[in-house]
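Position chain B relative to chain A; hints supplied.
There are 2 protein chains.
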Amino acid sequence: MKAMVLSSGGIDSTTCLGIAVEKYGKEQVAALSVFYGQKHDKELQASDAVARYYGVEHETIDLSAFFLHSNCSLLKHSDQQIPQEAYAEQLKSTDGKPVSTYVPFRNGLFLAAAASIALSKGCDVIYYGAHADDAAGNAYPDCSSAFHKAMTDAVFIGSGEQLKLEAPFVGMTKAEVVKTGLSIGVPYHLTWSCYEGEDRPCGVCGTCIDRAEAFRLNGIADPAAREV
Amino acid sequence: MKAMVLSSGGIDSTTCLGIAVEKYGKEQVAALSVFYGQKHDKELQASDAVARYYGVEHETIDLSAFFLHSNCSLLKHSDQQIPQEAYAEQLKSTDGKPVSTYVPFRNGLFLAAAASIALSKGCDVIYYGAHADDAAGNAYPDCSSAFHKAMTDAVFIGSGEQLKLEAPFVGMTKAEVVKTGLSIGVPYHLTWSCYEGEDRPCGVCGTCIDRAEAFRLNGIADPAAREV
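Listed in order, the protein sequences are those of chains A and B.
Reading the first sequence from the start, the letters are residues 1 to 228 in the numbering used here.
Reading the second sequence from the start, the letters are residues 1001 to 1228 in the numbering used here.
Because the hints were derived from the structure by calculation, they are not lab data.
Don't take each hint at face value.
As the list claims (entries may be wrong) - Below, in silico cross-link-like pairs of lysine-lysine (BS3-like), each with a Cα-Cα straight-line distance of 30 Å or less:
{"hint": "1", "chain 1": "A", "residue 1": "164", "chain 2": "B", "residue 2": "1149"}
{"hint": "2", "chain 1": "A", "residue 1": "164", "chain 2": "B", "residue 2": "1092"}
{"hint": "3", "chain 1": "A", "residue 1": "97", "chain 2": "A", "residue 2": "164"}
{"hint": "4", "chain 1": "B", "residue 1": "1097", "chain 2": "A", "residue 2": "121"}
{"hint": "5", "chain 1": "B", "residue 1": "1097", "chain 2": "A", "residue 2": "149"}
{"hint": "6", "chain 1": "A", "residue 1": "164", "chain 2": "B", "residue 2": "1076"}
{"hint": "7", "chain 1": "B", "residue 1": "1039", "chain 2": "A", "residue 2": "97"}
{"hint": "8", "chain 1": "B", "residue 1": "1076", "chain 2": "A", "residue 2": "121"}
{"hint": "9", "chain 1": "A", "residue 1": "2", "chain 2": "B", "residue 2": "1149"}
{"hint": "10", "chain 1": "A", "residue 1": "149", "chain 2": "B", "residue 2": "1076"}
Bound conformation, chain A alone:
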């Protein structure tokens, strides 16, 4: 196995998976999904569907125990409501801190767990879908290019120079991610982004707003929103 891809079933990580399969071939790519205590499993269903579409090995791990003490609004045990507005609006009232849907050091923990598994499987690269819109204004500090650089160094050095991280979209907007994905035929109709777990995307949470805008800027309707 060559490459591991963190796959959440959303736009960004599915595009990452498409890129990795293009580059290495499906036999050399493993997808890794994470249950972290989120309110619903729609995104895990989506990551399953995406992995089947690409024909890659797929494993889901459980990291929920490490967020039991967190009151992040994405978590099932939280008493916080998921905000119904764009991240830019939310950031006006966080006093410089991350938004309420920031799961404590989530990307750091996901990447570290992926690194331990990837090393055991002989992979030498991990892909993940951090992009610039999520990092803007410190909404999700573990999506920033500064975090990516530091975590890449930590994984490379801490693995005895056996493993690298790749975040191909860390300097891109979500619209640019979608543009990239459309050019390689990423199956966006199989993806799920909404933080709520209803039959259809709510359309008003931060990630629904971002997703709709990314497709609008590419001049097409969101294929998932029509089919769920």
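Same frame as chain A, now just chain B:
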């Protein structure tokens, strides 16, 4: 809660715990231990005893699922024997790679999991016991000062500048760690280091050899070796 300390029940992390308790007081310190699939639970018993000695909150988490695919010789499911020689000897035949007791990205994963928990508990610093002898010759690359610097940056940036790492011994030898610990009365008689899980330390694995030497250089016998 102010500080979290990664506690393995060995010399280095127990000295870290002593330092944190001296600095912040026992009410502000939480110890965190990890089951990762190791061959025995002697070190977890030791970390329990140490936490009780200091009167600090103590939690043990299970990260063994992430090492199921690894054949590291410390793991219960591995078919590799634990080497019976010093690290310097072992490194002569690893071709620049870590020793066989290197658990894939172990410190990275332990620190990332600690970071997620520490943020939820409102801690702003995590202590861990990496020291220079373990990093020498790339035996354990996730104990090096370069790893520490990168991981500290990753945690600080990825947490939205809410959390720091401290590795007070990263530039010290194990003998210097013991010297520090002796000066603040660390209960070394409660600690366990041996990679094997017999009634008494084997005396011939890499960590037994290092431990004995650290006490010898301080001019005293190992208190644990007499009492187990």
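*Looking back at the hints listed earlier, which ones does the structure fail to meet?*
7 and 10
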